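Protein chains in written order, with our numbering: chain A, -9 to 364; chain B, 666 to 1314.
Note that these hints are calculated values from the structure, not bench results. Small disclaimer: the values here were computed from a predicted structure and weren't measured. Heads up, a few of these hints could be off.
Listing some non-contacts, in silico: residues in chain A with all C-beta distances to chain B over 10 Å [what the hints assert, rightly or not]:
no., residue
1, G58
2, E210
3, L337
Not the full set, but computed from the structure, chain B residues with beta-carbon under 10 Å of chain A [unchecked claim]:
no., residue
4, V900
5, L901
6, V904
7, T909
8, T917
9, A918
10, L922
11, D1024
12, E1027
13, T1048
14, H1050
Note that the Cβ used here is the ideal one computed from N, Cα and C, for glycine as well.
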Amino acid sequence: MTTTDTTTGATTGTTPVFSVDGLWKVFGPKAARVPGDPDLAALDPAELRGRTGCTAAVRDVSFDVRKGEVFVVMGLSGSGKSTLVRCLTRLIEPTAGTIAIDGEDVRAMDKSRLRALRRHRAAMVFQHFGLLPHRTVLDNVAYGLEIQGVGKAERREKAAAVVAKVGLEGMEQRRPAQLSGGQRQRVGLARALAVDPEVLLFDEPFSALDPLIRRDMQEEVIRLHREEGRTMVFITHDLQEALKLGDRIALMRDGRVVQLGTPEEIVGSPADDYVREFVRDVPREQVLTVRTAMRPATSADEAGTGPAVRPDATVSEAIEAVSRAGTSARVLDDGKCVGVVDAPALLNVVAGDVAAGGPADAAPAPATTSEEPV
Amino acid sequence: MATLTATAEKTSPPGIRTNPTARKLAVLALLAAVLVPLAVARWAGGTWPEALTVNVSEPLGEASDWIIDNRDSHPLFLYFFGHVSNVVVIAVRAVYLALLAVGWAGVTAVSALIAWRVAGVRLALGTATAFLACGLLGMWVPTMQTLALMVVAVIVSVAVGALLGLAAGLSVRMDRVLRPVLDTMQVLPAFAYLLPVVLVFGIGVPAAVLATVVYAAPPMARLTALGLRGADKEVLEAVESLGTTARQRLLTARIPLARKELLLGLNQTIMMALSMAVIASVIGAGGLGDRVYQALASVDVGAALAAGIPIVLLAVVLDRVTGAAGARLGQAPAPNARALWAYALVAAVAVAVAGRLADRLEWPDGWVVGIAEPVNRAVDWMTDHLYSGVPVIGGTADWAGHFTTWVLDPLRDGLQWLPWWAVLLIVAALALVIGTWRTALTAVLAMAAIGVLGVWKPSLDTLSQVLAAVAVTLVIGFATGIAAARSDRVERLLRPLLDVFQTMPQFVYLIPVVALFGVGRAPAVAAAIVYALPAVVRITTQGLRQVDPAALESARSLGATSGQQLRQVQLPLARPALLLALNQGVVLVLAVVIIGGLVGGGALGYDVVFGLAQGDLATGLVAGAAIVCLGLMLDRVTQPTERRAKKGA
């Protein structure tokens, strides 16, 4: 695996929500032989198809999703990301590998255990919403509770609360056909939230929406995550969306994870040329943090004066502070000065020169803070 | 340079190696060159050789005699068919008595109120008017008889069809087994279903109901399966991701998602059931169809019309109300829907009780408007003045006579003159041009089966009528379809006409043609043309209108005239639709040409009627089997390869 997972070591204390190891999904005749055979497993997609008639949608993928984080799987269409997320609750049966939720083996579950998992622990939001057209908004949201056998009055009450939470008050009695795309996806989101799952799975939920509405919905997800701290697995093909929402991002290509790391790591130190090409147009100053650009203070004077910035402030914020003050800025962590940034260092970040240094040695704490809207 | 060579290649006629149709035909020619001399040497040419026929009449006659002898004693009849028959009789009787007990006012009120709730005020008024018209024409009791039979037949058809559809929708294996059977049943003429049920149940209401069920259940089954299979994959996945059991998925998602198809299935089943319930008068269904049948037998056009109008009204009302129910599906129900249903129910009960108290259950005799007399006078006048001797244009009977002598007779004689192997070869070649080896093989086998059954000559007679009718239908249908596709005004004018014509049962088309042309083969052909035209026009229009607008626009931007657009873009791109129109046209024409046996069309249809009337079931059954073969052959010959994929069912 070419994954560069630089941050796993820091949080081994708690069990990850999802733990995926060596996961394969191969479509085609006699798919099961592919993962076990090193010769076949090493083939590229076209060769594999030619030799066996099989398509490997997910190839030897491993990652952990930690409690409370937003884990983004990002890749272009056909990279296997949607198959991957369906494997998590076995909507698509994986070919090989292990999946554990809270340490419990998902692939070993029998039908009723699996149903319980889908009912209570992981709920999914779909790209084209997947709403039932013959039901009202309220009954769509209450559907998950209904199939669990929750009584009518109780489930409607719960559903009404969730409908309000996603901002659809007053639309409870409408049908999906009477709603706009954004509103429909709010219903989809509410349906997933109504069962109070441990993890929310999003499969490209906003790809079918207009750009402005997409931004609204992204804000909505960020707000929900801030309020509830629910673990989320988010599939997207949109790099901006991935950088905006993700605490960590797994970048997929041809079924493999090519890089796994924080947005800053992905942008700041791409693992290979593919990733580099991918992130080339990202405005680096808005993703990279001051930590990347700071150096130790050379004098007490430098450590004592100048504007203060947080270590996780973005470079663009620091640029603003530095240019306004006309001097270098201090990076304060809990009131302690951990370093300084000056104009040349910040410019280097924008120009792309600090990639060599990378954040690995500069980051003393893991990036567990949820991403704040800048 | 590159483009130049490319166009040069395209314009050169495709060689025999590259053109798949030409290659198939070449193989066929090779096969024929080997087989035909052998066959001719062995059995001689000309009509179907005696040596190759199997006499099935005798064993069939014996079988039918055995059944008649044992109907009251054999356990199979005592414990199975007997019970089925009794249940059907009791059910129809019960519905009929209930309808009579509610009274004409009650039935009208209940129907109108149902129509109001599911389809709106306008259709409610239409429904009430239709029922009152049935009464005014003096047809209240026959209408109720037909309705009773239909209610039972529709309930059974829907139940059977939905179960079969459920099986085919949920199990791939069942689907693979059922689909070809249902597809084939769909193309067979209604008449073919009559004799087997008569063989088992004898002439009477049970046979009529069961024939109706066999005819009307397939569309329900097809559409149920289609709806279940066509459900939005992502919705089903979403429902599964929430942890539903298979049962919950079926009840809360798959079936509700298929509601549109289910209602369409109900609509089609009702329409087919009405159509068959009327035709089944030939085997003892009674009611409106029987009145038409009796009147036609004595060429009493007035009486036939008095019974025919209620059939048409019933058909239009039933179709519009169920259709409107389907169209309303997506919308949210009115907030006070339940209260309105309650009001409707109370009002209907009140009207029924009022009718009962006023002792006005039967339609009052004084209110009947006899149209038979004036209609017959008009027909007499027509016979005197329009039938023949009209200056310049001639008369309708003259036309019919000319059509018979100049078109039907030569066509029939020509077909019967052709050596039998030549007929088979033509069938094979046509099927190959339009379809595949498989369809060609089925078509040839079906045609050969007709010969084996020993009804080669009458079948070719029927075939000649079908071919003449199809030719006329296609000429008129394509022309009208093209006109409607090119002009919105023509389409607007045509649409209501097509709507009405497409809902009418086959049987009623016989009434006007008898009035105009008398009896014989020409009126049967005319009825078939009128029956098949609406479908052909509609499919042609839709096909032309659905041609990719971008392709049409690019042709226009290159400066193509409208004639060039039609010839070079629209018609080629609409080829699948045109072939489908041909296929539908052939199937529909055959159905009515067979029924034409009732008005002197002769040939196979007459054999069936004769068999029924004389109790000579063997003759009828052989003719019925030949009809099935003919239907199969005609469908396969005109079956485009894409049809299955296109319709998805």
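Cross-check of the supplied hints:
1. Look at G58(A): its CB is around 22 Å from the nearest CB on chain B, clear of 10 Å, so calling it non-interface holds up.
2. With 10 Å as the threshold on Cβ separation, the claim that E210(A) sits away from chain B holds: the shortest Cβ distance comes to roughly 19 Å.
3. Against chain B, the non-interface label of L337(A) holds: every CB pair exceeds 10 Å, the least being about 48 Å.
4. The interface hint given for V900(B) is met, as the beta carbon of that residue sits about 5 Å from the closest beta carbon of chain A, less than 10 Å.
5. At its closest, the beta carbon of L901(B) sits 8 Å from a beta carbon of chain A; the interface hint therefore holds under the 10 Å criterion.
6. Nearest Cβ of chain A to the Cβ of V904(B): about 7 Å, under the 10 Å cut. The hint holds.
7. Look at T909(B): its Cβ gets to within about 5 Å of chain A, closer than 10 Å, so that hint holds up.
8. Because the closest C-beta pair between T917(B) and chain A is about 7 Å apart, less than 10 Å, the hint holds.
9. For A918(B), the interface hint holds, since its Cβ comes within 10 Å of a Cβ in chain A; the closest pair sits about 6 Å apart.
10. About 7 Å separates the beta-carbon of L922(B) from the nearest beta-carbon of chain A, less than 10 Å, and the hint is met.
11. Interface restraint check: D1024(B) against chain A, minimum CB-CB distance 46 Å, threshold 10 Å, status violated.
12. For E1027(B), the interface hint is violated, the least distance from its beta-carbon to any beta-carbon of chain A being 43 Å, above 10 Å.
13. Because the beta carbon of T1048(B) sits about 57 Å from the nearest beta carbon in chain A, more than 10 Å, this interface hint is broken.
14. Nearest Cβ of chain A to the Cβ of H1050(B): about 59 Å, over the 10 Å cut. The hint is violated.
Checked against the numbered hints given earlier, this structure breaks hints 11, 12, 13, 14; the rest are met.
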